[in-house]
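Place chain U on chain A using the hints.
There are 2 protein chains.
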Amino acid sequence: MTKIVTAAVLVIGDEILSGRTKDRNIGYIAEYLANIGVELREARVVPDVEAEIVAALDALRARYAYVFTTGGIGPTHDDITADAVAKAFGVAIDEDPRIIAMMRRRYGEPGELTPARRRMARIPAGAELIENPVSWAPGFRIGNVIVMAGVPSVMQAMLDAAAKRLETGVKLRVETIEAGAIPEGRYGDALGEIAAAHGETMIGSYPSYADGTFKNQIVVRGRDGEKVAAARRAIEAMLDKIRGAAKAR
Amino acid sequence: MTKIVTAAVLVIGDEILSGRTKDRNIGYIAEYLANIGVELREARVVPDVEAEIVAALDALRARYAYVFTTGGIGPTHDDITADAVAKAFGVAIDEDPRIIAMMRRRYGEPGELTPARRRMARIPAGAELIENPVSWAPGFRIGNVIVMAGVPSVMQAMLDAAAKRLETGVKLRVETIEAGAIPEGRYGDALGEIAAAHGETMIGSYPSYADGTFKNQIVVRGRDGEKVAAARRAIEAMLDKIRGAAKAR
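Chains as they are written, first to last, in my numbering: chain A, 20 to 268; chain U, 20 to 268.
Same shape as in the complex, but just chain A (with noise of 0.2 Å):
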């Protein structure tokens, strides 16, 4: 039996919407996801406003096995997605007894463990912390929600750390073929009579456009290896066919 386990992304912030930020946190978890065998169907990108965290948290979470939320977890007033989080749960949230310790001992000094960084300890009930190598304070998990980051480098090691709790399923294997340069309206219709007749399979056509040309590339996914094969080696064949018209004429 093949265990499907499903994830959505939720990117939390103004930053990305108003066009400061360029997300890249989306397509490193996406395929760091694919990776380990958890399959992304969704993402969103919502405001740092509560209700909104809140809608799309609930609507997530109540659909995919994990959701993994990156941003607004830092010391300032706009940083609110734990505070969102406890309420999409109905938890109590406060500050984690575990998190002030760790301040105490790196802002030792008097002045340093200011109200702002305190915002960083205030964790929703019952969650389990996420740890941080890369700037100590920590992400959390409740539930099916891990929330982590939104800096890219950080985020990537508090995905490493949640991810050694995941429940992972079955691989996808991918196969990528190179069309290179026959025009995807030339091969597009005996794609669609394999992708019919491979329905195990998701087969999938991606150009890129450079220079003036497009460069295309069929991409096969599925659970099984060997129906995986059975459709990578027809959408060949069938390339083979293109190619062998076109220098026929």
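Keep in mind that the hints are not guaranteed to be accurate.
Copies of the same chain look alike in the list, so a pair counts if it works inside one copy or between any two.
[Stated by the list, open to error] Under the rule of at most 25 Å between Cα atoms (straight-line distance), these lysine to any residue pairs were calculated in the SDA-like manner:
#1 K260 to I196
#2 K190 to A216
#3 K190 to D179
#4 K190 to A176
#5 K22 to E255
#6 K183 to E212
Treat the hints as calculated values from the structure; they're not laboratory data.
Note that this is a predicted model, so its numbers are computed, not measured.
Same frame as chain A, but now just chain U:
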């Protein structure tokens, strides 16, 4: 009176969720819209699954002035965006004679006007075409939904074309203040007070991390230039005070 025009982005494509392709369109559209006075309020990424696309379209188009979609309008079987949009709007979809005429000029040779290519002529009834100077096949707009290609250079050209017919609102004034190496935890409390006192501006604090240290920027946004400037002055004075105190020690 200040007019506010809102928008959402809907990225359609398995390749983004699998991590194969890193989305660059959300960030581009976000910045583009901010520059013309349209506020991006939400973004979503969904797979090439009709029901998912329709559900996201319906949620977003009801809520925001515009919805910009990217991806899924090519000639292959996995390009299902036009059908999903027609379904969401409850209108028919058929080959558009304007596009078929373009195709006949372009694909004059026998056998070139393949059924796959004709897929790209399928447009929901009542849609306006959005020209595509890069690779000819048009996008379209129906109601408040603007449907664009996924390939960034093509999407960007379509966005230029679509933008000519957008209603726009007041452009947010944005000011960025360098906090540099002052830790967020040291200015977070004072910044929160400034944010509370300047309620008609949006103030965010954004760390970036490189080479083992954080650098911070504070961003003030707002519709009223004078209020943004006042918040900026308050933040600069606050940072100067912290810098002065640090020197005095």
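Here is how each hint holds up against the structure:
Taking CA atoms no more than 25 Å apart as the test, K260 paired with I196 passes inside one copy only; the shortest distance there is 15 Å, against 60 Å between copies. For a Cα distance limit of 25 Å, the shortest separation of K190 from A216 inside one copy, 22 Å, qualifies, whereas the shortest one across copies, 51 Å, does not. In this assembly of identical chains, K190 and D179 lie within 25 Å of each other by CA distance solely inside one copy; the values are 17 Å within and 40 Å between copies. Taking the closest pair of Cα atoms, K190 and A176 come within 25 Å of each other only inside a single copy of the chain (22 Å); across copies the shortest separation is 37 Å, beyond that limit.
In this assembly of identical chains, K22 and E255 lie within 25 Å of each other by CA distance neither inside one copy nor across copies; the values are 29 Å within and 55 Å between. In this homomeric assembly, K183 and E212 never come within 25 Å of each other (Cα to Cα): the closest approach is 41 Å inside a single copy and 39 Å across copies.
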